[in-house]
Structures are given as structure tokens and as C-alpha cells.
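**Q** Chains as they are written, first to last, in the working numbering: chain V, 1421 to 1529; chain X, 97 to 211.
Simulated from the structure, these hints should not be mistaken for laboratory data.
Hints may be right or wrong, so weigh each one.
Here are the simulated lysine-lysine pairs, DSS-like style, with alpha carbons at most 25 Å apart [unchecked claim]:
(1) X/K171 <-> X/K139
(2) X/K177 <-> X/K139
(3) V/K1492 <-> X/K160
(4) X/K109 <-> X/K139
(5) X/K139 <-> X/K160
(6) X/K109 <-> V/K1525
Some but not every residue of chain X turned toward chain V, in silico, with C-beta under 8 Å [unchecked claim]:
(7) Q97
(8) G145
(9) N154
What you are looking at is a predicted structure, and each value in this text was computed from that prediction instead of being measured.
C-beta atoms are modelled at their ideal positions from N, C-alpha and C, and glycine is treated no differently.
Here is how the chains run, residue by residue.
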Amino acid sequence: QTVVTQEPSFSVSPGGTVTLTCGSNVGSVSTSHYPSWYQQAPGQAPRTLIYNTNTRSSGVPSRFSGSILGTKAALTITGAQADDESDYYCALYVGNGHLFGGGTKLTVL
Amino acid sequence: QVQLQESGPGLVKPSETLSLTCSVSGGSIINYYWIWVRQPAGKGLEWLGRVYSSGSTNYSPSLKSRLSMSVDTPKNQFSLKLASVTAADTAVYFCARVRAYEFDYWGQGILVTVS
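With the hints as constraints, model all of the structure from the sequences given.
**A** This is the structure in C-alpha cells:
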């Protein structure tokens, strides 16, 4: 059974760059998994940031970018801002459905 | 602007069936996939399943035996039923629209407690 893996936590300094990753326990993540990324503030619905590996959703700032790095999908935040402090989830398309990773708690300090 | 709104009982007894509806406004339910996602308190997101406007469905393997989803196109809404619930099904349930692998519109979520 596929498990999607993410770093449990990460920290970045304001203005810095951070890359969060999204892996699979059964092999490499590729564009065929249509990786997507979501930001979720406490008590709020998720907000879609990236879909189809590297396409930004409407209204998402350009400091958010998606890619495949080696065997994983990646979300890079360039020039982190205080309000980027949030939970981030990735999802992979596997077998006619999606699987979410466990999420990464990003701290900006 | 498309808006989604979940509705249903906030409290369900163990062993009973959890039933939720997602009402879609500002757009048609036709020709899209619609999904349900849940999140237990303090935990991560879990994709439950999807339903197409034609009624075809795909479910999470872990819930497939208890889960059903359907679409009511005249009412522009879709629904989820989860049978034989336990405390482990207590969560915030979200509905969302899927457009080309993008979950582009989300509902605000509804808390369902099994007790």
C-alpha cells in the first residue's frame, strides 16, 4: 500500500528559501502522479497552491513553485513571508484516486 | 464564483450511517469530478473518494466497504454516506471540486462527531 511521505516540520527565516518534499514508499514520484500541494491555516479549509507538478492555482503568488527533484515532488517557497507559516500537504494521484501526505508544519522565524 | 457548502448532522451515533451533502452554487455540477476529504482534529488530510457528474465513483481502498457517493444533478449537489461509523470517523469533512487534477474550489468543512 502506497504511503506518501513528507517532512513533519521545517523552519525558514523570513526572506529565505525552503523546499518541502513529497515522496512515495513504493518508488519515485513522477509527473504521472500529478503532484499537488495545499496550504492550510488553522481552522481553515485547504487552499490549493500547485497542481500538475508545477502549475500554480489562480491567485497563488509566484514565490511558490513546484517541481520534481530526484525521486520526489517538491514545493519551493522563495522569499518566505511570515504569513507562509502554515501546514502544507502534498497529494499524489495513485490508482484512480488521490493520497495525501502527512503534512509539513512550516515555521517562519 | 463557485461556492461549495457542506451540510448534515453534526452528531452521529456509533454504528449508524453518516450522511453529508455538498451544495454547489455559482456553477454547474455537470462535467466535473467532486471529492470528499476529511481531517480528524490535529491530524492530516485524508482523501475519501470522488464522484463524477455521471455518477461514476472511486473510493479510498480503506473505506470502500463502508462508503458511497452520489450526485443529484437537478439539485446541483452531491452526497456522501459512510456506514457503521466509529469514533475514528470523527473529523471535519470537506467537499471540493476537481478540474484537471486541481482541487480548485473547497467547502468550508463540517465537523462530524461520532458519539
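**Q** Hint by hint, note whether the structure agrees.
**A** Verification of the hints:
no.	hint	in the structure
1	X/K171 <-> X/K139	violated (33 Å)
2	X/K177 <-> X/K139	holds (22 Å)
3	V/K1492 <-> X/K160	violated (28 Å)
4	X/K109 <-> X/K139	holds (22 Å)
5	X/K139 <-> X/K160	holds (21 Å)
6	X/K109 <-> V/K1525	violated (33 Å)
7	Q97	violated (11 Å)
8	G145	holds (7 Å)
9	N154	holds (4 Å)
In this structure, the earlier hints numbered 1, 3, 6, 7 are contradicted, and the remaining ones agree with it.
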